[in-house]
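Colleague: Chain by chain, the residues run as shown.
Number of protein chains: 4
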Amino acid sequence: MTQTRRLGVGLIGSGFMGRTHAFAFLNVGRVFALPVAVELEVLADASEDLAARAAASLGFRRATGDWRTLIADPAVHIVAITTPNTLHREMALAAIAAGKHVYCEKPLAPTAAEAREMAEVAERAGIVTAVGFNYLKNPMFRLAREIIASGEIGEVRDFQGIHAEDYMADPDAPWTWRLDPKGGGGALADIGSHIIAAARYLVGPIERVQGDVATLIASRPVAQGAGARRPVQVDDIARAHVRFANGATGTLEANWIASGRKMRLDFEVTGSKGALAFSQERLNELRLYHADDPAGRRGFRTIFAGPEHPPYGAFCVAGGHQIGFNDLKTIEVYDLLRAIAEQATGHADFREGQAVAEVIEAIYRSAREHRWVNVAG
Amino acid sequence: MTQTRRLGVGLIGSGFMGRTHAFAFLNVGRVFALPVAVELEVLADASEDLAARAAASLGFRRATGDWRTLIADPAVHIVAITTPNTLHREMALAAIAAGKHVYCEKPLAPTAAEAREMAEVAERAGIVTAVGFNYLKNPMFRLAREIIASGEIGEVRDFQGIHAEDYMADPDAPWTWRLDPKGGGGALADIGSHIIAAARYLVGPIERVQGDVATLIASRPVAQGAGARRPVQVDDIARAHVRFANGATGTLEANWIASGRKMRLDFEVTGSKGALAFSQERLNELRLYHADDPAGRRGFRTIFAGPEHPPYGAFCVAGGHQIGFNDLKTIEVYDLLRAIAEQATGHADFREGQAVAEVIEAIYRSAREHRWVNVAG
Amino acid sequence: MTQTRRLGVGLIGSGFMGRTHAFAFLNVGRVFALPVAVELEVLADASEDLAARAAASLGFRRATGDWRTLIADPAVHIVAITTPNTLHREMALAAIAAGKHVYCEKPLAPTAAEAREMAEVAERAGIVTAVGFNYLKNPMFRLAREIIASGEIGEVRDFQGIHAEDYMADPDAPWTWRLDPKGGGGALADIGSHIIAAARYLVGPIERVQGDVATLIASRPVAQGAGARRPVQVDDIARAHVRFANGATGTLEANWIASGRKMRLDFEVTGSKGALAFSQERLNELRLYHADDPAGRRGFRTIFAGPEHPPYGAFCVAGGHQIGFNDLKTIEVYDLLRAIAEQATGHADFREGQAVAEVIEAIYRSAREHRWVNVAG
Amino acid sequence: MTQTRRLGVGLIGSGFMGRTHAFAFLNVGRVFALPVAVELEVLADASEDLAARAAASLGFRRATGDWRTLIADPAVHIVAITTPNTLHREMALAAIAAGKHVYCEKPLAPTAAEAREMAEVAERAGIVTAVGFNYLKNPMFRLAREIIASGEIGEVRDFQGIHAEDYMADPDAPWTWRLDPKGGGGALADIGSHIIAAARYLVGPIERVQGDVATLIASRPVAQGAGARRPVQVDDIARAHVRFANGATGTLEANWIASGRKMRLDFEVTGSKGALAFSQERLNELRLYHADDPAGRRGFRTIFAGPEHPPYGAFCVAGGHQIGFNDLKTIEVYDLLRAIAEQATGHADFREGQAVAEVIEAIYRSAREHRWVNVAG
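Heads up: the protein sequence lines correspond to chains A, B, C and D, in order. Going by the working numbering, the letters in the first sequence line up with residues 6 to 382, in that order. Going by the working numbering, the letters in the second sequence line up with residues 6 to 382, in that order. Going by the working numbering, the letters in the third sequence line up with residues 6 to 382, in that order. Going by the working numbering, the letters in the fourth sequence line up with residues 6 to 382, in that order.
Just so you know, the hints here were simulated from the structure itself, not pulled from any lab data. Do not rely on the hints blindly, as some may be mistaken.
The list treats identical chains as interchangeable, and a pair is accepted whether it falls inside one copy or across any two copies.
Subject to a maximum C-alpha distance of 16 angstroms in a straight line, what follows is the list of computed EDC-like cross-link-like pairs (lysine to aspartate or glutamate) [said to hold, decoys possible]: (1) K187 x D71; (2) K278 x D177; (3) K187 x E157; (4) K278 x E160; (5) K278 x D297; (6) K187 x D297; (7) K187 x E313; (8) K187 x E374; (9) K187 x E95.
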């Protein structure tokens with residue numbers, strides 16, 4: 006009997022996304038038949054103390070206040086980065102230099118140039134990378150992609166995508182690192198990266214964009230409840246008209262002040278013979294329209310996720326039971342592990358992170374320069 | 006006892022919109038307590054024969070194959086124009102010259118200049134005009150406007166509007182007058198005018214636009230089933246990023262190849278303290294979000310139209326029963342009659358038709374010139 | 006050229022339903038190509054004065070405070086009865102005796118025996134009758150019936166029907182004639198009759214029932230704002246388990262204290278190969294499920310009413326525009342006129358009114374006697 | 006520093022529910038700050054081989070083909086039972102006799118008498134029990150219960166509950182243990198137990214029922230694809246009219262042949278001042294109606310689960326991201342562990358399992374005897 010390969014995980018950051026990564030690494034082996042064994046080895050955070058508490062809570066063996074220690078740890082084979090995005094590059098490059106696989110949250114880096122560098126260095130090093138575009142992992146996204154690829158809705162003519170939430174809608178919501186202009190952008194970088202990734206996943210490369218960017222809340226308190234305010238330099242709303250390489254038209258939007266919207270990551274794909282509509286508010290459903298259904302019987306049908314939509318069945322053998330957000334992350338980790346252990350391809354790696362960053366950058370440039378801008382390829 | 010004033014109606018055109026006008030003029034006196042009596046006098050169509058049959062079916066006293074005869078008829082006080090839009094100007098100007106009130110379908114004219122001329126001539130003549138932006142007449146639109154005006158959802162930050170249908174989605178749908186490039190545009194002129202009117206009705210004047218226009222079906226059969234095809238020069242999809250005079254951002258979209266969409270005239274108004282969402286697919290509902298509802302109780306509430314939302318009660322004393330498309334047109338006619346008989350203001354007149362035409366024209370110019378364009382005011 | 010036959014209408018009652026009838030008789034000739042000409046002749050109400058004002062507003066030529074005068078009027082060929090249901094029998098019998106066709110609101114009569122008498126007398130007299138089960142007239146109901154009849158969803162196994170509103174939910178809503186125990190019941194008679202009619206229209210005769218009836222608001226103010234209260238003897242909620250003649254199981258429910266529900270007339274038809282779901286809240290939609298759609302593509306599709314669903318096209322040539330409640334009534338009147346002029350059959354006549362009354366009565370008896378009760382046939 | 010208490014888990018069964026239990030025990034310590042440490046010790050299944058493979062896949066240390074060995078294992082403190090329900094009693098009693106806490110899937114036992122015995126024996130033994138009514142664990146259920154308990158929607162007048170799916174809709178779906186008449190019932194036992202538990206959780210004890218039970222598919226293939234068929238003796242559809250101890254009326258329904266329905270576990274709670282509506286198809290949403298909202302602003306609001314609805318926040322710090330079915334099970338296990346370690350009460354224990362069984366039994370008896378039946382208490 007062969008020895009199962011062991012992969013040790015080092016996690017940098019234990020906030021929202023850090024916890025989600027930890028859940029996913031822990032769960033993945035129970036949900037999927039893994040080609041490898043996963044061990045939660047080291048957790049790094051801003052201080053030893055913070056790291057120690059998070060490690061205990063999330064099930065890591067060791068903790069450190071210095072992420073370089075984590076990277077250097079010989080038991081760590083995968084470095085998961087969930088820190089603010091201004092830190093991604095330095096950490097990722099160090100991890101790559103140490104020969105570690107890197108799993109990094111989105112957006113990959115504040116600039117497309119940095120993202121490109123990261124992707125190139127990783128490719129030269131021959132390590133595996135992944136970026137946290139978790140929504141793509143939804144079985145309903147995979148279904149949508151297969152439907153499109155099969156020609157079932159004809160030729161894709163148009164894509165409308167939006168990611169709107171309201172976590173920044175309150176003008177007295179205080180300053181956070183997400184507002185740091187060095188971070189590469191506001192709503193577009195933070196959540197727009199998801200809808201750009203979705204557009205690329207479903208329809209393919211985006212060739213050019215015409216962007217519009219607005220900051221509607223001009224200043225924010227420097228801290229919760231503070232009287233002093235700090236001017237906001239990043240976008241609250243960012244939009245673009247786009248052209249895909251395959252000739253399809255489209256729109257993209259990111260909006261973090263969309264009052265009332267908690268998770269409006271919606272898309273509609275219009276084909277010559279049908280259409281698809283999706284909302285992350287109802288992530289276990291995909292709506293499908295066939296233009297060639299008989300007259301009088303045409304309408305969007307609401308398909309609920311079930312075992313016939315892989316990998317839903319890994320979570321639940323019965324349809325309709327629904328997976329949740331954390332499960333998407335588990336699928337993401339599974340794809341990463343398969344890429345490492347089985348050279349599986351097709352997941353969103355640093356090249357994809359770079360491609361998304363190029364679109365973001367093109368939208369910002371277009372908005373500044375009031376013209377259509379080609380996306381660097 | 007005073008003699009009730011009589012108003013005679015002359016209707017030009019008996020197609021889809023012609024019939025709808027006739028229903029509305031007939032119904033309005035039963036639904037509303039009218040300040041005037043309405044008489045269906047003359048119907049004009051392309052031929053005597055066509056007109057005679059339509060007049061019999063729709064209840065007009067006389068018929069004519071010559072619209073100038075209709076305008077000259079002394080019993081006609083209101084001329085309703087439901088012909089292709091290239092004909093609007095000539096007919097309207099003749100009616101105005103004859104001292105008749107004019108009720109014209111949208112878009113008012115192929116160009117903003119023509120629309121402006123029509124509005125100015127009408128104003129100088131002191132007659133009453135109206136344009137068929139019927140969706141504005143929905144009690145839920147009136148409710149939305151009142152909610153916005155009252156400050157209930159705070160300051161308006163953003164407006165998203167779309168009018169998407171699929172009546173032109175089939176590449177073998179034949180040529181129609183809607184594709185005539187002299188008509189002033191394609192989807193944007195035909196249905197986009199509705200969503201532009203909605204944007205103005207709810208949020209106010211649009212200051213500048215950044216347009217994107219696409220023709221995705223390059224040619225159409227010259228007639229139903231014909232092998233010969235004719236190139237299409239008008240837009241299948243038209244979009245714009247916009248800025249309102251009050252500083253709000255927004256998007257507008259018209260799309261007549263949106264497979265599966267039968268009546269997606271949707272808007273979302275984002276305010277600083279709440280939001281509104283609407284879809285014409287469910288025209289008797291408005292969704293309202295209050296950001297200051299208690300924590301844990303926040304959510305869009307679905308309000309069904311009822312007698313507390315005028316003028317719904319004129320149609321039905323009980324809530325939830327629902328009005329239909331034809332009822333919107335009845336309200337439109339009621340507002341026109343009140344404007345004539347009682348000098349009521351506030352309905353969409355030729356000035357509004359012009360204002361919408363200016364936005365359309367600005368979007369086309371912007372799309373051609375690849376830059377933001379100010380809307381002429 | 007033949008003389009078009011004229012049919013004069015006499016309307017008794019000018020409340021909610023009286024107005025709706027008037028709209029329908031007025032509209033029907035514009036919407037449909039009629040085999041007859043309809044004239045609004047006489048309106049009767051509780052007093053001369055009330056009648057005169059209603060006649061003027063609704064377009065009737067004459068008014069009377071005595072409904073017997075209306076029936077006797079030689080110009081009246083159709084008597085429309087929209088009074089409280091305790092009055093239906095006397096009026097209908099008088100009209101039938103005078104050889105008039107009768108169009109009566111639901112429920113037909115307080116007891117099944119009275120309804121049977123009315124049906125029998127009408128049949129012997131050879132006049133045409135109709136009962137106002139207006140919801141059946143929805144093109145989506147017709148579509149549902151055709152889908153069921155064609156076997157498209159297989160053999161019908163089960164029917165769930167409910168009509169729930171909240172117009173009586175407030176315990177301080179005052180006494181009305183709807184609470185009169187002589188009226189034959191409460192919620193079940195008032196709105197339950199609609200869902201029973203729907204069940205019969207779609208699935209066929211109901212063979213036996215097991216009823217449950219409850220009065221949850223024990224007393225009501227004798228008048229608006231009155232301190233004195235009067236005990237309520239009729240049902241606020243009435244339910245039944247049922248068996249159809251074809252073997253299908255089912256449920257029926259009427260509820261007029263359903264807080265928040267404005268028009269929940271919903272049904273779900275479960276077949277061996279598919280299903281249908283409908284809600285009057287969205288009356289222009291029918292949801293259809295095909296169990297034999299390909300795996301991974303199964304889901305309820307939402308079909309919007311359009312011209313391919315007769316008689317929608319009579320109202321609007323374009324799909325998705327939506328008809329409203331008053332339009333349903335127009336269709337009802339059209340079917341009545343076709344029954345009179347062309348001996349068309351299949352609409353809900355007094356026999357149907359009786360059949361519904363038998364089900365109501367069986368449910369009440371079952372609830373009293375705590376046992377299954379066969380529906381008299 | 007105190008030693009964290011260790012609790013070892015023994016899982017009997019590794020099918021759908023067995024896997025779900027394993028996920029939950031594994032996850033619970035990462036999601037929640039636990040008062041104890043959980044160890045997956047032993048997995049038992051029908052054969053050594055089956056057990057060994059499942060143990061490896063699900064992360065248990067030991068495997069056995071004999072569940073008695075599992076119970077006897079000194080490292081096992083909690084016995085989780087996910088076998089067919091005819092086996093529950095014997096296993097649970099053995100576990101209790103061995104002093105183990107018992108976590109058993111629903112329905113607790115084929116008869117109420119057995120369920121009562123299990124509850125009594127457990128109480129005498131002083132061990133902790135839990136039954137797998139996992140849907141109650143939804144933060145939206147907890148929110149609904151709090152809203153009801155606080156009087157926010159007034160006095161509860163009515164409860165409508167249904168659990169409908171279509172996993173048995175195909176007449177050629179073969180025989181399974183769920184059809185075993187010794188199992189205590191069909192749809193009502195299998196999924197109806199969930200909606201009964203929901204009714205009790207939200208509204209309280211059910212006093213009496215009037216049941217109706219039907220078998221619509223008379224026979225099933227003895228095995229997948231087999232020609233031979235076996236008569237079905239259990240219910241495909243079971244329904245009841247009910248009265249709650251607090252006077253509220255209601256309905257309950259279980260249906261496993263509901264074509265097109267994948268997870269219609271829906272309820273509507275009607276109060277004197279408002280209402281709640283929920284569907285498990287959209288498990289992260291609760292709809293709330295306030296009758297005292299201002300006129301013109303009334304409507305069901307759709308509340309999305311977020312951190313303000315505990316314990317959602319344990320899974321995700323951001324609202325709108327959604328939890329899934331497996332997460333409900335994790336909450337269930339958390340409540341079990343708190344009951345063991347901290348004597349927390351309020352979760353669904355064997356007494357609750359018995360109470361649900363009493364309702365099931367009363368419905369079957371009522372259906373057989375055609376009369377209202379009091380629920381044994």
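Colleague: It remains to establish, for every hint, whether it holds in the given structure.
Modeller: Hint check results:
For the identical chains of this complex, K187 and D71 are neighbours neither inside a copy (23 angstroms) nor across copies (62 angstroms), given an alpha-carbon limit of 16 angstroms. Taking the shortest alpha-carbon separations for K278 and D177, only the inter-copy value of 12 angstroms comes in at or below 16 angstroms, while the best intra-copy value is 47 angstroms. In this assembly of identical chains, K187 and E157 lie within 16 angstroms of each other by CA distance neither inside one copy nor across copies; the values are 43 angstroms within and 36 angstroms between. Proximity of K278 to E160 under the C-alpha cut-off of 16 angstroms is restricted to the intra-copy arrangement: shortest distance 7 angstroms within a copy versus 32 angstroms between copies.
Proximity of K278 to D297 under the C-alpha cut-off of 16 angstroms is restricted to the intra-copy arrangement: shortest distance 7 angstroms within a copy versus 21 angstroms between copies. Proximity of K187 and D297 under a CA criterion of 16 angstroms is satisfied in neither setting, with 50 angstroms inside one chain copy and 33 angstroms between copies. For the homomeric pair K187 and E313, neither the shortest alpha-carbon distance inside one copy (44 angstroms) nor that between copies (32 angstroms) is at most 16 angstroms. In this assembly of identical chains, K187 and E374 lie within 16 angstroms of each other by CA distance neither inside one copy nor across copies; the values are 20 angstroms within and 33 angstroms between.
Within a single copy, K187 and E95 get their C-alpha atoms as close as 14 angstroms, which meets the 16 angstroms cut-off; across copies the closest is 59 angstroms, which misses it.
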